[in-house]
Amino acid sequence: MRGPPGRILARRLSFDLMDQGRPLNRQFVNFVLMGLALAAVWLLLSGLLKPLLLGLALISVLLCLWLAQRMDVVDAENHPVWAALRYVPYWPWLSVEIVKSSVDVARRVLSPSMPISPTVFEIRATQRTTVGRVVLANSITLTPGTVTLDVDGDRLRVHALSRDTIQGLLDGEMDRRITRAEGSLQRLGAAKDGPT
Amino acid sequence: MLALVVVVPLLGAAVSTLLPAGRLPWLWATAVSWFMLFAAITLASQVMDLGTLSYWMGGWAPPIGIEYRLDAANALLALLVAGLAAVVLPFAGRSLAAEVPVEKSPYLYAAMLLFLAGQMGIAVTGDAFNVFVFLEISSLATYTLIALGRDRRALTASFSYLIVGTVGATFFLIGVGLLYAMTGTLNMADLAARIPDVAATRTVHTAFAFIVVGICLKLALFPLHLWLPNAYTYAPSAVTALIAATATKVAIYVLVRFIYTVFGPTFSFGDMPTVYLLVPLAVVGLLSTSVVAIGQDKIKRMLAYSSVAQIGYMVLGIGMATTAGLTAALLHVFNHALMKGALFMALGCIAFRLGTSQLEALGGVGRRMPFTMAAFVAGGLSLIGVPLTVGFISKWYLVLAAIELGWWPIVMVIIAGSLLAVIYIWRVVEVAYFQQGESTERCEAPLALLVPTWVLIGANVWFGIDTRVTVGIATRAAEVLTGAGP
Amino acid sequence: MIAAAILAILVTMVLAVIRALLGRTVYDRILAVNVFGTKTVLLIAALAFWSGRPDILDIALAYALINFIGVVAVLRFFEYGAAEGDEVQGK
Amino acid sequence: MSFLAHFNYYVAIILAMIGFYTMISRTNLVKKVAGLNIFQVSVFILFISLGVLDGGTVPILTETHTLYSNPLPHVLILTAIVVGVATTAVALALAVRIREAYGTVEEEQIQAKDDQP
Amino acid sequence: MSAALALEYAILVPLLGALLIVLAGRWPNLRETVTLVTAVALFAIVLRILWALALDEIIEITLIELLPGLSIALHTEPLSILFAAVASGLWIVTSVYSIGYMRGNHEQHQTRYYAFFAIALAGAMGVAFSANLLTLFVFYEVLTLSTYPLVAHKGDENARRGARTYLAILLATSIGLMLPAIIWTWSIAGTLNFTRGGILEGNITAGLATILLLMFVLGVGKAAVMPVHRWLPAAMVAPTPVSALLHAVAVVKAGVFSITKIIIYIFGLDFLADVPQERLLVYLVGFTVIAASIVALRQNNIKRMLAYSTISQLSYIVLAALVLAPLSEIGASVHIVAHAFGKITLFFAAGAIYVAAKKTEITQLSGIGRRMPWTMTAFAVGGLSMVGVPPTAGFVSKWYMIAGAFQNDNYFVLAVLVVATGLNAAYFLPIIFRAFFDTEDQPPQKDHGEAPWPMVVAIVTTATLTVLFFVFNGPVVELEHGILRGPG
Amino acid sequence: MSALLIDLLSWVLIVVGGAFGVIGGIGLLRLPDFFSRIHAASLTESMCAPCIIAGLMLQSGMTLVTVKLVFLVIFLFLTSPTAAHVLAKAAIHGGLDPGALRDADAERRG
Ligand code: NA
Ligand code: NA
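Going line by line, the protein sequences match chains W, G, C, B, Z and Y.
Residues 1 to 196 (our numbering) make up the first sequence, in order.
Residues 197 to 682 (our numbering) make up the second sequence, in order.
Residues 683 to 773 (our numbering) make up the third sequence, in order.
Residues 774 to 890 (our numbering) make up the fourth sequence, in order.
Residues 891 to 1378 (our numbering) make up the fifth sequence, in order.
Residues 1379 to 1488 (our numbering) make up the sixth sequence, in order.
Just so you know, the hints here were simulated from the structure itself, not pulled from any lab data.
Glycine included, each C-beta is placed from N, C-alpha and C at the ideal position.
Incorrect hints may have been included.
[Said to hold, decoys possible] Covered, in the sense of this in silico footprint (three residues per stretch, anywhere, with C-beta under 8 Å from a C-beta of chain Z), are these stretches of chain G:
1. 588-597
2. 606-617
3. 661-673
[Unchecked claim] Example chain C residues on the side facing chain Y (calculated, C-beta under 10 Å, incomplete):
4. Ile684
5. Ile691
6. Leu697
7. Arg706
8. Asp710
9. Leu713
10. Ala714
11. Asn716
12. Ala727
13. Phe731
14. Asp740
15. Leu743
16. Asn749
17. Phe760
[As the list claims (entries may be wrong)] A few chain W residues that don't get close to chain Y, going by computed Cβ distances all over 12 Å:
18. Gly35
19. Ala39
20. Gly55
21. Leu58
22. Leu63
23. Leu65
24. Pro89
25. Thr126
26. Thr148
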């Protein structure tokens, strides 16, 4: 059977937990995964293994799942956890960018003349998934010197501290890398959720 | 049992939220309230023969653990709360169905049960901080209940009550905190034992001031009463009946408990100028609010002001700092609950039929709703203090206490209060019986409302004639509190 | 050395408070408050090491959470326009 | 030194004053609630600071530490904070309902709307 | 029926009557029958009690024990039986009269009227037989509240205002002065029971005793001692039979009865005799006698004139009681009867004149004696009794009062009595002369004779009683000597 | 040797973080309008916080404490841009003008 490890695991789970032959239930799988994630977080944060605390952990995890289900934030769409995994190759580059632009902004702030030229401009996003587009928007905001004001369709409205710093964004370097990261798992057969 | 009386309504509230909207939540709440009454009666009888009961929450010993403690004073209070609840909730069924949208019913009755749980909690807990918690539980329930009133003014009324109430509770909390700082305990009995050693410190004096002021905000002692009239006026009828009958009474109890048990009479009246604080306020409030009541053309509001006046009587009794005075105050706490409950319920019947409590709308109601108006008149006579009603008994004791102290002006004030009550009650009677309304066809309230109302009226007469129980417990409680008795 | 970090954080917080007071627009103030909040998170974290009680880090996490929710809530309030008391949108 | 000895009291008092002033002076119901919160927080701080022991550390038991500040106030204030949050929630809910009913949360405007029915 | 049972019935029967009247409301004849039957039954019961008292049976029953030592209890003694007999007896006559009056005037709400009338009688009986101050107070208030609807009977703004004044003054005085006085008494004497020789002696200083007595005399507003007399003229808005109830049958009598009883059985004559300041009250009451008579003299409306005459007559009784001489006490109690007979006759007459001739002013009465001989003769009898001229009841009581005044050499009272008699003559005799010897200035619009027969019957009866009492007062006076023995 | 190196590195990170924090604060004060101040703020969020936390991680080594710090930094990275974004949106909604939109494509050619 092909597919990302999570998907394979999920299929296994679904076969074990549900009566045979039923088509695989993605939402249920995502629930299980979310539950496991929450449990892991709890364990890591408390680091205690007393039965009482574990019992409480179980209760609170279930409570969270119930709430999530009521708010239906968990749907058939791919889980952010896996989304996060996809962008691993992109993080180092982003960090470097952040450092560079931080230094630049710091320079402008400290220099007596304060050489700034606030600008608003638009760029086009080429990502196909919503997650991808969110990643782009947040990356822009994370890097000092630029902030995403508004996202509408594939057009991002950006405010920059200075005209000189926006060239990189206009060249679309960041956009390209994100799209590539998004695609990188695509080849492994990730969910096809077209642009919304 | 001591724990159940609080835990059951708490859980009951949770259950109520899960019930389907309709009559079911009401039935459930009523059942719970009747259980509470049963429990309260059992406890009260135990207290009367066995003396003070004590129970450690979760087996933790005080001061870490919370002690539930029941003596004559809070036995009386528990009886009062449970009894009133057991009568008002049956009444609430029809009355609230007419005033509150049905889909809210599960939460409505959950709030009522929370309110009762809080009131009961205050009644039985022996832990100062626990009092604060329960006070806030019941207050929060009250805010939501008041906000359910049909008129949008109910919202603003509830909001201002919330602000004032929270400030009051926070003041109380400050006081408790300071006491804790000085004594290292929150258990009332321990506090009572340890305060004398530190009574001289300024911190304890500050604590006393904060606690008294905080509670007086909650119990709407003049001039801190401004939140009350609107709250009572715009809340749904049954809610008004319940909170008017119990909420302020419980606050009074807390005041008594702290002045007499925790701080002790010697400190409260010896070291602190409590008398000069409470008595003048009580007197001025009693007279002024009675006069204001006469001016009201919304009967519900009139009764609300009269409540503030009646609170004046109770505080007066507390301020006398004698066993007789305290007995009178406790008696009036109980008796006023009976009369105000009855009056507001009778008014609820009228509102149920006429959809208003405006005075001018009552022309000829005496003929249209004979039993309801008869109940109102009976309750009114009790409020005035006519013999063979509970009102007379509490006035009798209050006046005796005043004479005992030789406070003749106070006697006159008490009497004057009764006369003012005559005036504002009679305004209603005159319109209802001797003025023609536009309609004359009979529209007596349904039995579901009449029966509970008359049960309370019956209580007004019964306890006005057979005073052994009430006077017995009240005297005993006063003796316990003033340390005169066991 | 952590003392240095704490000092730096405190300085930042002071500057943020000044901005919050100078404000100009309410949004400047919220921005400053937000900065103040995240710096508080850092401060708690640093203090955890300073006092040798890393357990306190949980508090830092909780505080980060509250700070975020708080800022969003406040913004919601101002966006809602309740502060100006104008008519309700979409009503 | 005596000033520092009562430092916590002064902080609490100042905060209480600020909260109280806000509550009274502001006509915007939501701001009143904010004032109420500040007022309550001042009390919480007072309570907590009462439990402090000099040299004592956070009352989370470990092997290494022996001297803790008094945990009881923390417990109580935790409760008080919960109560406070509940109160705030109810208050804000009311504010929302009021806004739906009156279209404003400004006291005078509400008053005006009640007076001219 | 045992005497003790009779005591309870004296209160229960009228209440039961009221209930039946309400039930019979739809059938007027049945309703009125119920009223009459109840009235007669009550009178019979009172006679039964009188009989028991004559045999020196001591009758005392406790209905309810409110607080330890404080109960709702009934007993009998000469004064109470006298009051009870007068009230219940006159109720019969008044009922007959009411039937004529209410039907003759086509009044509304007659059921309410008869029902509350019965309740008022129950209250009066309670006052009469009350064994302690609390019981007295309770039934006193029952009487007050039950007469309010009667006074407000017409229901128009004017009637409501009059009734408001009536209720306000009576409640204000009773709750404001009488109740505190009672509680004070309780707190110093530890009991409220009516006891021979009083309960206060030795527990209270003379000065305070005077204040207490003043609180009682003014607190019992029904006695209409100035300045708390205003309710009586205000109540003139009521229908005539109600005025009869107020002035003769129950209400004002309950007032003077209460004061007499308090003076005799709470303070005690001997104790008060040692209270010099008590004289101040004598002056106050004496002033009321004179002042009220002068006001009456200046009235033109018959009923108002009668009202002020009542005020002065009541003060006779209080005055006599305050003289503290045995004979004057007897005079006081006898005058309760005498004034009852005389005044009810006068009011019935006034009512008859109103129903027959629609006349309300004295100046309109010229020559009416020829059209209504029976009525006006009765009026003359009543008037003479007020003045105290033989052969009428008024003479008997005045005789004992004067004798009592001599007994204590109380020349002030003596003077008051003489002057008042003169004034009474000055405002009654002219009316009588005008009625019989003047000629009608202008003929009336409708040619009328006597009022409906039930009214005439009632009037003649009461007038006859007034005269008969002059002759056969022996038993009553004899009975009232018992006051000086007092209850058990 | 490597322990010393790690220590050194952590100190450097902490100092750098602290420095950027202060600079951000200064920017918060110096910069002329709200939208530029956002950038100063993001300086303290995206640079100062991670550096200091990283420094602390190096202090604590491979323990649960480090895990918590990781959670902390992840959380900050998720929330701080969101907060900034919401803030900017609210400001625009509230009537603040971020400035005229420039023709981006022209820029690219130029
Ligand atoms: Na009340
Ligand atoms: Na709060």
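Here is what the structure says about each hint:
1. Look at the region 588-597 of chain G against chain Z: 4 of its residues bring a Cβ nearer than 8 Å to a Cβ of that chain, three or more, so the hint holds.
2. For the region 606-617 of chain G, the assignment as covered by chain Z holds, since 6 residues bring a beta-carbon within under 8 Å of that chain's beta-carbons and 3 suffice.
3. Remark: the region 661-673 of chain G is confirmed as covered by chain Z, as 3 of its residues place a Cβ nearer than 8 Å to a Cβ of that chain, reaching the required three.
4. Here the hint on isoleucine 684 of chain C is kept, as its CB sits about 7 Å from the closest CB of chain Y, short of 10 Å.
5. Evaluation of the isoleucine 691 of chain C hint against chain Y yields a held restraint, the C-beta minimum of about 6 Å falling below 10 Å.
6. The closest approach between the C-beta of leucine 697 of chain C and any C-beta of chain Y is roughly 3 Å, which is under the 10 Å cut-off, so the hint is satisfied.
7. At about 7 Å, the closest approach between the beta carbon of arginine 706 of chain C and any beta carbon in chain Y falls short of 10 Å, and the interface hint on this residue holds.
8. Because the smallest distance between the Cβ of aspartate 710 of chain C and any Cβ of chain Y comes to about 5 Å, under 10 Å, the interface hint for this residue holds.
9. Hint on leucine 713 of chain C holds. Least Cβ distance to chain Y is approximately 5 Å, under the 10 Å limit.
10. Interface restraint check: alanine 714 of chain C against chain Y, minimum CB-CB distance 6 Å, threshold 10 Å, status holds.
11. Because the smallest distance between the Cβ of asparagine 716 of chain C and any Cβ of chain Y comes to about 6 Å, under 10 Å, the interface hint for this residue holds.
12. The criterion of a C-beta within 10 Å of any C-beta in chain Y is met by alanine 727 of chain C, whose closest approach is roughly 6 Å, and the hint holds.
13. The interface hint given for phenylalanine 731 of chain C is met, as the beta carbon of that residue sits about 6 Å from the closest beta carbon of chain Y, less than 10 Å.
14. Among the interface hints, the one on aspartate 740 of chain C holds; its C-beta lies about 7 Å from the nearest C-beta in chain Y, closer than the 10 Å criterion.
15. With 10 Å as the threshold, the beta carbon of leucine 743 of chain C comes within range of chain Y, its nearest partner Cβ sitting at about 6 Å, so the hint holds.
16. For the restraint placing asparagine 749 of chain C at the interface with chain Y, the shortest Cβ-Cβ distance is roughly 8 Å, inside the 10 Å limit, so the hint holds.
17. Nearest Cβ of chain Y to the Cβ of phenylalanine 760 of chain C: about 6 Å, under the 10 Å cut. The hint holds.
18. The claim that glycine 35 of chain W is not at the interface with chain Y holds, since no C-beta of that chain comes within 12 Å of its own (minimum 18 Å).
19. The Cβ of alanine 39 of chain W lies farther than 12 Å from every Cβ of chain Y, with a closest approach of about 14 Å, so its non-interface assignment holds.
20. Every Cβ of chain Y is farther than 12 Å from the Cβ of glycine 55 of chain W; the closest lies at roughly 20 Å, confirming the non-interface assignment.
21. Listed as a non-interface residue, leucine 58 of chain W keeps its Cβ farther than 12 Å from every Cβ of chain Y; the least gap is roughly 20 Å.
22. Every CB of chain Y is more than 12 Å from the CB of leucine 63 of chain W (nearest about 20 Å), matching its label as outside the interface.
23. Even its closest Cβ contact with chain Y, about 20 Å, leaves leucine 65 of chain W beyond 12 Å, as expected for a residue assigned away from the interface.
24. Against the 12 Å criterion, proline 89 of chain W stays outside the reach of chain Y, whose nearest CB is about 17 Å from its own CB.
25. With 12 Å as the threshold on Cβ separation, the claim that threonine 126 of chain W sits away from chain Y holds: the shortest Cβ distance comes to roughly 15 Å.
26. Remark: the non-interface label on threonine 148 of chain W conflicts with the geometry, its nearest Cβ contact in chain Y lying 6 Å away (cut-off 12 Å).
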